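A.B. asks: For reference, the chains in residue letters:
There are 2 protein chains.
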Amino acid sequence: MPIRLRFAHAGASVSLRRGGGSLIKKNEENPGSELPKVNAAPAVDLAAWLEELPPTMAQAQLLALALPRRTETFSYLQPNMQLALARRLDRRDLVEIVTQMSADDRADLFNHLTPEEQQRLLRGLAREEREDIRRLSAYAEGTAGAIMTSDYATLAADMTAHEAIELLRRKAPEKETIYRSYILDCERRLIGSIRLHELILAAADTRIEEIMDHAPVSVALDSDQEKVAQLIARYDLLALPVVDKGGRLVGIVTHDDAADAMQAETTEDFQKIATVRPFSQSVREASMGVLYRKRIFWLVLLVFGNLFSGAGIAFFEETILAYVSLVFFLPLLIDSSGNAGSQSATLMVRALATGDVALKDWRNLILRELLIALALGATMALVVFPVGLLRGGSEIALVVGLTMLLVVIIGSLAGMSLPFLLSRLRLDPATASAPLVTTISDAVGVLVYFWIATAMLSL
Amino acid sequence: MPIRLRFAHAGASVSLRRGGGSLIKKNEENPGSELPKVNAAPAVDLAAWLEELPPTMAQAQLLALALPRRTETFSYLQPNMQLALARRLDRRDLVEIVTQMSADDRADLFNHLTPEEQQRLLRGLAREEREDIRRLSAYAEGTAGAIMTSDYATLAADMTAHEAIELLRRKAPEKETIYRSYILDCERRLIGSIRLHELILAAADTRIEEIMDHAPVSVALDSDQEKVAQLIARYDLLALPVVDKGGRLVGIVTHDDAADAMQAETTEDFQKIATVRPFSQSVREASMGVLYRKRIFWLVLLVFGNLFSGAGIAFFEETILAYVSLVFFLPLLIDSSGNAGSQSATLMVRALATGDVALKDWRNLILRELLIALALGATMALVVFPVGLLRGGSEIALVVGLTMLLVVIIGSLAGMSLPFLLSRLRLDPATASAPLVTTISDAVGVLVYFWIATAMLSL
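Protein chains in written order, with the UniProt record's numbering: chain G, 1 to 459; chain R, 1 to 459.
Careful, some of the hints might be misleading.
Over 10 Å on every C-beta distance to chain G, these chain R residues come out as not near it, computed from the model [as the list claims (entries may be wrong)]:
#1 Gln61
#2 Asp93
#3 Glu96
#4 Asn111
#5 Pro115
#6 Glu163
#7 Asp185
#8 Asp236
#9 Ala259
#10 Ser342
#11 Leu402
#12 Ser417
Subject to a maximum C-alpha distance of 30 Å in a straight line, what follows is the list of computed DSBU-like cross-link-like pairs (lysine-lysine) [unchecked claim]:
#13 Lys171(R) with Lys171(G)
#14 Lys245(R) with Lys360(R)
#15 Lys245(G) with Lys360(G)
#16 Lys171(G) with Lys245(G)
#17 Lys294(G) with Lys360(R)
#18 Lys360(G) with Lys294(R)
#19 Lys171(R) with Lys245(R)
What the hints contain is simulated information worked out from the structure, not anything from laboratory work. These figures come from a predicted structure and were not determined experimentally. Glycine included, every Cβ here is placed at the ideal spot set by N, Cα and C.
Work out the full structure, taking the sequences as your base and the hints as a guide.
C.D. replies: Here it is in structure tokens:
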């Protein structure tokens, strides 16, 4: 069972308060009060309740739980709370919990400890868990290796269905999922997989190799977690096996861990689209300092971008003094360009993230985007033309209409191309945030506007 | 098995081309060519391959598949392709496929047909399937009812584990998932659930009621699909039971269908954030007409919003003529306000969507937002102050610095509050798009800027 991401956590808690589960109804009216049915409540709800308590009480309540339940509840706590408790607990209590945690959760907790705490914990663990932690905590964040678990069930190809079921019965309680078992050859290479219900449906003496799937989908250790989630979604898998370079099975990523990873990536995309530097905490719980630091970087950077627009304006100061009504249309024109650009950029960022669109599609899409932008720009030119007539006469109207057409096209093409460009440079396309596209479109828009004005109004 | 959403579809296909599965390696170099191993390839890959073919060939290839596989492949086709084939196939062939489809896929296909086609299809089906379609196709889009399936396994509380396993063995092949079975009383009320591996682990004569979970999490028929997905994620469920007002089990939502629904909602949020009206097609495959229509609405609407900024400028024309260097700072100031606002709005839209933040959190968050905005605004005022000094002297620098502080605060507060306001009005918070927030901030920014300028420069 995974450590729930913070936002997923808080999210579901809200849903429950809207009436999702009758279990914590009582809690709803008086959050932080005693949980009504400690024994019946799902562990995730217990964890949410513990997080509302002061650490001393949370520790006492956690230790009051029976052991398998204590571990499960601990696994659902947010990383910060786990850390706080891990530091308060006796080493014996901590080791007891950590030994029972699933391999991926254990590695996550381990990664959050200081080197001294890691050593202290490792000394308390049995050799098997120790090696498991060392292995799982070594993979780069965002890869299949980092979100996989080593709790999977394996079978041999020459077992019978009956033998396999008996083996699973004996081993099942330890494993994160037994709904699919993996078949390995003598060198631990993945040669097949089989679902529990196929085993149950098969005649008792059927050999596994006759009924197993001989070509299970798998990923490499360093595969991007986004790709892992996409494969799990495409093939409706409960878990995806992870293999090393030699094709040996090293772990599985379960569907829920992949979904959590995907949710975190999506939230990161939202943050980037809004020029907020990624942070993985809950917005509700993030400190003011964190939010300030995550937001100020791009805000200041974009100020310098906007100075280009200012410089453009300064260059055309005479035009402005001669036709001050041009300024009236300035926000309108540069915003429209930015809006069209944000539309294209955001659509592409999402399409690249879900895999709807690939790098190679750029050529096909750019022509279509040009035609759409032409239609959008023409429509908007028609809309602003009468406003131009009213405010400044026919010459101004022409300048404004023509500018609108051009800046919408420029904005759209820039907005569409930037995510591809970033992706090609192996940067995250989501960095092509709406404000960045807007700033670029603004600077270009100012130049185009006053250049057209200067030319057409023959200044 | 669900109909894969288009973007999920295309997405995974991309991943595969990057080297995910060796199965379709050959296909990679020559897309649209014959699939190398029709018998070994997963149905979802077969479906992706069929979609590349002209309809006549796709039909022939589909009918060449053996029956259970034909249905599975058909279920994975995109809705448009399903429709095209459904219209080409003989009624007998169509009925054969439709009868075997999972209940939710069948209802989805049905909903896409014209009323005449629906009648034609219904006449060919057995009474059970007919009633199932009528029932499932009646629920409002976006609710649990619309994405649930009626293919679930049920058990009685007084069965033994052995009897239950035998029952599942007989019924399993028809059911979408048997990893969790539901226990109903004599009036079909949901009284418990049990996992397959608990049945397998239990002694053969254990009665279900002794080992079942007596308080399974469930949702109402009209629950929002977002809430369904949140509950499934929170409790790491494979499926969530859906009950009617009397607590009777009417269906289950499987984790993969919930994930697809969630992915669609997230994409919609991205579209809304970028002022693109929601469309559920793939960006790659959407026609130019669709993209034009989905984009033009807000672009034109925002033009009228921007006219307020223009009107503000017109009102202060004299100030501008007296201090034309003020225009230099105009894009900078209004963009900064818009950027800060987009940051807040997008963070809140996402936090409300994942449930990280609830309506009632507004009070707590608004004060924090004010303090953060104060810090952001002060930093940015310090950044632009020297630029003001350089371009226009100390008075202009003061005006620009003070304006920056105020507009960043106003933009942030507006950006944060708008999603809450929309949510309270029962509108989608994602409508508080970055461009809308920018437009509002712009208009306010222009007024604040020139008002401060007029006052401080004593015009």
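A.B. asks: All hints, please: hold or fail.
C.D. replies: So, going through the hints one by one against the coordinates:
| no. | hint | verdict |
| --- | --- | --- |
| 1 | Gln61 | holds (20 Å) |
| 2 | Asp93 | holds (25 Å) |
| 3 | Glu96 | holds (23 Å) |
| 4 | Asn111 | holds (21 Å) |
| 5 | Pro115 | holds (32 Å) |
| 6 | Glu163 | holds (14 Å) |
| 7 | Asp185 | holds (17 Å) |
| 8 | Asp236 | violated (4 Å) |
| 9 | Ala259 | violated (6 Å) |
| 10 | Ser342 | violated (5 Å) |
| 11 | Leu402 | holds (16 Å) |
| 12 | Ser417 | holds (14 Å) |
| 13 | Lys171(R) with Lys171(G) | holds (26 Å) |
| 14 | Lys245(R) with Lys360(R) | holds (27 Å) |
| 15 | Lys245(G) with Lys360(G) | holds (27 Å) |
| 16 | Lys171(G) with Lys245(G) | holds (28 Å) |
| 17 | Lys294(G) with Lys360(R) | holds (25 Å) |
| 18 | Lys360(G) with Lys294(R) | holds (25 Å) |
| 19 | Lys171(R) with Lys245(R) | holds (28 Å) |
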